[in-house]
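Undergrad: Between the sequences and the hints, there should be enough to build the whole structure, so can you do that?
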Amino acid sequence: MSGLDDQTLIARAQQGDKDAFGTLATRHRDAIYSFAIRTLGDREQALDAAQEIFIRAYTKLDTFDQSRPWRPWLFTIAANTCTDLLRRRARRAHTVDHNAAIDLPASDASSPSKAVARMDLHRRVAEALQCLSDIERTVVALKHIEGFTYQEISDMTDIPVGTLKSHAHRGRQRLAGLLQASAMEDSQ
Amino acid sequence: MNCQQVALKIDAHLDGETSGDESRRLALHVQQCARCSAQFAPLLQAVEVLGDLPDLIAPADLIPQMLHELPARKTAELEVAAPARTARRVAWVLGATGAFATAGIAAVLIGIIALAPEWLGSISIAGKALIGPIADLALRLFDVAAIVAPACGQLFISALFINVVLLATCIMAVIAWQRRSVPTAVFITW
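In order, the protein sequence lines correspond to chains P and U. For the first sequence, numbering that gives the first Met the number 0 gives the first residue as 0, with consecutive numbering after it. For the second sequence, numbering that gives the first Met the number 0 gives the first residue as 0, with consecutive numbering after it.
Errors might be hidden in some of the hints.
Said to hold, decoys possible - Partial list, derived from the structure: chain U residues whose beta carbon lies under 10 Å from chain P: (1) Val5; (2) Ala6; (3) Leu7; (4) Asp10; (5) Gly15; (6) Phe39; (7) Leu43; (8) Asp51; (9) Leu61; (10) Met65; (11) Glu68.
The set of hints was computed from the structure by calculation and includes no laboratory data. Cβ coordinates follow ideal geometry from the N, Cα and C atoms, glycine included.
TA: In structure tokens:
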């Protein structure tokens with residue numbers, strides 16, 4: 000099953016093969032979980048969101064057009080699920096767990112000092128991401144981390160491309176400012 | 000590439016919308032120009048690091064747990080979806096019927112009031128107090144219409160009134176339905 004491509008797994012899952020869907024979901028599990036945790040900034044919420052995203056994907060599988068790529072479709076569900084959770088959270092007080100999004104996988108040990116510096120930079124970027132507004136963080140994550148085009152993000156979120164570019168521009172500017180400030184703090 | 004060109008192109012570069020040659024010249028200028036480096040190097044670094052961020056590792060039981068929940072969730076969602084769809088259909092049918100009925104009644108009333116003002120003389124004082132202002136308004140509109148479209152003044156007023164009532168009713172029903180309030184949608188249209 001793991002040797003089959005996404006389209007074959009989707010076709011089988013649409014026929015009711017849960018194992019095929021399980022393989023497909025496992026393949027995209029870490030990407031979806033990473034997106035959720037970086038958007039929501041809370042480990043527990045990200046776990047719930049990731050489950051919810053895959054469950055929604057399974058229940059809506061009949062509506063998936065196989066002539067289109069799977070990943071943008073899955074991330075449309077992910078973006079909408081996280082947006083719903085952020086809206087619900089905005090209606091009640093919530094403290095962002097700034098450490099949640101900075102769990103990093105072990106990097107390769109080819110150069111320990113470089114690996115440490117790299118991980119430190121990743122940590123600071125992940126922390127700074129949590130300081131952006133919800134929409135800036137979502138757009139920056141989809142554009143610069145997940146690599147979607149603005150048109151794909153517009154299709155996912157129903158936000159015009161021009162507006163997305165504004166959010167990305169502001170998000171990047173703030174991120175750069177926060178990283179600079181964080182680097183200056185560390186050097187003092 | 001000069002500083003002004005870099006400032007203009009930097010966002011397009013960060014969005015991946017510049018050519019390979021433009022990107023190289025921009026990166027070289029930022030490296031070599033102290034002012035542009037101070038202004039744009041952090042931005043370039045931030046985006047580079049974002050693209051470099053690895054996926055976080057999700058717990059191994061995420062997918063097995065999700066698969067375990069699938070049969071119960073799918074059945075429950077189908078059970079919720081069917082009554083909701085039926086309720087929406089009923090709301091639309093009742094709403095549309097109510098809108099046309101209201102428009103029809105309004106057209107008949109306007110027709111009576113505008114075309115037979117002498118009939119008002121035969122109704123009670125309380126009735127006149129209620130219908131009088133409406134009749135006055137209708138007659139004034141009729142006069143305006145007669146000036147604007149003498150050949151079809153009456154038809155114009157009736158059609159205008161029907162359209163306004165129908166439009167307002169449909170808008171209110173759509174708003175109520177958008178807010179998932181089926182009883183309110185039906186009530187408003189009636």
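Undergrad: Is the interface hint for Ala6/U satisfied, with its Cβ closer than 10 Å to some Cβ of chain P?
TA: Violated - the Cβ of Ala6/U stays beyond 10 Å from chain P, reaching only about 13 Å at its closest.
Undergrad: Restraint: Phe39/U near chain P, CB-CB cut 10 Å. Satisfied or not?
TA: This hint holds: Phe39/U lies near chain P, its Cβ roughly 9 Å from the closest one there, short of 10 Å.
Undergrad: Is the interface hint for Asp10/U satisfied, with its Cβ closer than 10 Å to some Cβ of chain P?
TA: Where the cut-off is 10 Å and the nearest Cβ of chain P is about 6 Å from Asp10/U, the hint holds.
Undergrad: Going by Cβ atoms only, is Gly15/U closer than 10 Å to chain P?
TA: Nearest chain P Cβ about 8 Å off; hint holds.
Undergrad: Interface hint check: Met65/U, Cβ to nearest Cβ on chain P, cutoff 10 Å. Holds or violated?
TA: holds (5 Å)
Undergrad: Against chain P, with CB atoms and a cut of 10 Å, does the hint on Glu68/U hold up?
TA: With a minimum Cβ separation of about 6 Å from chain P (threshold 10 Å), the hint on Glu68/U holds.
Undergrad: Quick check on the hint: Leu43/U CB to chain P CB, less than 10 Å?
TA: Where the cut-off is 10 Å and the nearest Cβ of chain P is about 8 Å from Leu43/U, the hint holds.
Undergrad: Given a cut of 10 Å on the nearest C-beta pair, is the interface hint for Leu61/U held or broken against chain P?
TA: holds (6 Å)
Undergrad: Min Cβ distance, Leu7/U to chain P: is it shorter than 10 Å?
TA: Violated: closest Cβ of chain P sits about 13 Å from Leu7/U, beyond 10 Å.
Undergrad: Hey, does the Asp51/U contact hint survive, CB to chain P under 10 Å?
TA: Asp51/U check passes; min Cβ-Cβ to chain P is 8 Å, inside 10 Å.
Undergrad: Should the hint that Val5/U touches chain P count as held when the rule is a Cβ pair under 10 Å?
TA: Status violated, d = 15 Å.
Checked against the numbered hints given earlier, the structure breaks hints 1, 2, 3 and satisfies all the rest.
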